[in-house]
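Same order as they appear, the protein sequences are chains A and B. Our numbering puts the first residue of the first sequence at 17, with every later residue one more than the last. Our numbering puts the first residue of the second sequence at 6, with every later residue one more than the last.
Some hints here could point you the wrong way.
Which residues of chain B face chain A? A few of them, derived with a C-beta cut under 8 angstroms, are [stated by the list, open to error]: (1) Lys76; (2) Leu79; (3) Phe80; (4) Val81; (5) Gly83; (6) Val168; (7) Val171; (8) Ser173; (9) Trp186; (10) Gly191; (11) Thr309; (12) Glu347; (13) Leu353; (14) Met359; (15) Ser361; (16) Ile362.
By construction, these hints were calculated from the structure, which means they are not laboratory data. Computed from a predicted structure; not experimentally measured. Beta carbons: idealized from backbone N, C-alpha and C, even for Gly.
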Amino acid sequence: MSWITKNKTTVGAFVGVMIAAYLFYFISGVKATSMFAYAWAYAIPLVLAAMVGVIGERSGVVNIGIEGQMLVSAFGAFFAAAYSGSLLVGILVGMGCGLILGGFLAWTSVKWRMDQIIAGVVLNIVATGITSFYYKPGQQLPGLMPTWDVPILSKIPLLGPVFFSGVGVFATAAILATLAIHFALFYTRWGLRTRSVGEYPSAADTAGINVERLRLINVTLAGILAGMAGAYLSMDGSSSFERGMTAGRGFLALAIMIMGAWRPLRAGAAALLFGFISAIGNQLQADKIITVAPQLVGTLPYIMTLVVLAVAAGKVRAPGAVGQPFVKGDK
Amino acid sequence: MTDLTKESAAPASPPPAKPEDKPSGGALAFLFSHQSGIVIAVALLVALAIGAILIRYQGVSPFYAYETLVKEALFVDGGLERTLVKTAPLILTGLAVVLPLRVGLFNIGGQGQLNLGAIAGAWLGYLFGGWGPLGAVIGMAAGIVAGAAVAAIAGALKAWRGVHEVISTIMLNSISVGITWWLVQGPLQAESAKVSHIPQTEEIPEAARVGSIVGIPVSFLIAVALAALCWWVLGRTTLGFKFDTVGKNKHAAVYAGVPLNKIIVLSMVFGGGLAGLAGALEAQGTLHRFEPAITGSLGFDGITIALLARINPVATIPAAFLVGVLRTGAGGLQFATGIAPEIVDLLLALTLLMVSIPVLGKWIFRSRADKVQASATSWGN
Chain A
17 MSWITKNKTT VGAFVGVMIA AYLFYFISGV KATSMFAYAW AYAIPLVLAA
67 MVGVIGERSG VVNIGIEGQM LVSAFGAFFA AAYSGSLLVG ILVGMGCGLI
117 LGGFLAWTSV KWRMDQIIAG VVLNIVATGI TSFYYKPGQQ LPGLMPTWDV
167 PILSKIPLLG PVFFSGVGVF ATAAILATLA IHFALFYTRW GLRTRSVGEY
217 PSAADTAGIN VERLRLINVT LAGILAGMAG AYLSMDGSSS FERGMTAGRG
267 FLALAIMIMG AWRPLRAGAA ALLFGFISAI GNQLQADKII TVAPQLVGTL
317 PYIMTLVVLA VAAGKVRAPG AVGQPFVKGD K
Chain B
6 MTDLTKESAA PASPPPAKPE DKPSGGALAF LFSHQSGIVI AVALLVALAI
56 GAILIRYQGV SPFYAYETLV KEALFVDGGL ERTLVKTAPL ILTGLAVVLP
106 LRVGLFNIGG QGQLNLGAIA GAWLGYLFGG WGPLGAVIGM AAGIVAGAAV
156 AAIAGALKAW RGVHEVISTI MLNSISVGIT WWLVQGPLQA ESAKVSHIPQ
206 TEEIPEAARV GSIVGIPVSF LIAVALAALC WWVLGRTTLG FKFDTVGKNK
256 HAAVYAGVPL NKIIVLSMVF GGGLAGLAGA LEAQGTLHRF EPAITGSLGF
306 DGITIALLAR INPVATIPAA FLVGVLRTGA GGLQFATGIA PEIVDLLLAL
356 TLLMVSIPVL GKWIFRSRAD KVQASATSWG N
């Protein structure tokens, strides 16, 4: 009970959203389910990518290169799966690509203390260059991604069909990663150290934490999640790779991270909100309630990002040392 | 290139820049003072070498491939002119990154600013096509205004709401793509193209196009003049001094009475205007109308160019020329050897990678001198 009184806003918002969702469900069941399912499918890569941002920035490294990590991973996963004939190989290669690029970003921004934003943008340009040169049309995945129903949970009305039936690898990973990172960040020794390194590295250094090593490890390993986000795009979301298919999702994820105040669970909720608003746009279009040109409806998530950031950016606070390289001995 | 040392500002502790002593005499001193130029040359050579291996791997002789590329870009009849036409918007999109970066803002929205500038320029160039050259000027002005307006949104969001410009400009890129596609398939679609559903606007009449004078494209002349103007403004005027002050130490700038928000918005507006002009010139000078494909990767190449030029406005001219040569030659390369023109993306990415990571300079000069960055951006506020 004390937990509820301590988190009144969060619990209140959660209950409010659930009531609204179920009201909508009872008014129009099919439509609600399909809209929420769309929202979740839209949110999966964003959730995974936002976690990359959360881990990076909590440890003091801005990761503008998520977009590039996702793009290369989507590319690697798709073609590895197509050539090897194994979906598992594809997923692993995708995760590996994310890991390598995460390591690259970590090394340039932590070890070489290169400007983190420029490092990230360079990473994105390199990713675009590599993937568009080696892109070959006409490849196919060896099969569809396996899905399964979670017993019992999939019988819950609304939540069941949306979250627990027809679950794929990436959806599971997104849910588990969000929960695990939230727990790890706020209830484990690693989390405390990570947060201190991102908040006040010289104090962490005084306490005997190896700031550079922790940042290196965190940013590198977070790359695995970016790899999964990318692999989702080419293997689960669309079953094909196209040039520039990430379409700004890496940056949307950063916006979601900011909207979620650098907290994993809130970022997950923000990603769902993004997905849902996108679903509303599509539904209104399909029902001919509004007749805006489809090209303009497609810009909705991006416009939303700007609005959300304009409102939220002043209200949340970034980790203290984010974007600043740590030099031992400097204050 | 010599003012590399002056640009050195570490993000964490930006000290007020002291005037550096000019290195005096000797080949070695010259080398050191032109370090960045040499680093870029070595980076380019390494990138070309890696590219050669990749081309070899595709079963084509690398020498033949590069020969074809350079020949196509420079020595074929009309090749140089095509390259210069290509270079003009690249100089401008490079400047569009340089100006805000001097203030510490990373404008990666050149793509979107150029896109809207192109459609505005193409449309007004068509509307006022009967006015001849004056119509062309109106089209250019429209491009500048459109580009500047988009960039102003990002600048204002940064100045008053603390929204990071990298995110907002990327979002504006996507939004501008949506808007231009809608315009070109809806209200602004050419009458003749409506039947066949081709996304293009009306053609700009002959008189109002931007052409060439004795083989030199007008757009190139405009771009070079603007690069020089930017150099003059940044290096020789109070406004430029304010830009650099904000870029090097925001707090000191505010303390000295520089209107921070105004400078932030102004730098973005200037950058956006240049990118918008690039779009207008591209529409008036090459396709003579707007098509969605006109943007290409001109905006993103601007980032490469600005970083290659070490945010020196005049150095954007050779950097843009290099990119222009590669991009123009790539078409001929594909025709002659079947190698995808995206090889240029790869070559540029490799060059940029090696120029921007500090390690190369360290290897060449066995010093930490090149650890200083071309510039520093900021995250958060």
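Check your understanding: Hint by hint, which ones does this structure get wrong, listed from lowest number up?
Key -> 1, 2, 3, 4, 5, 14
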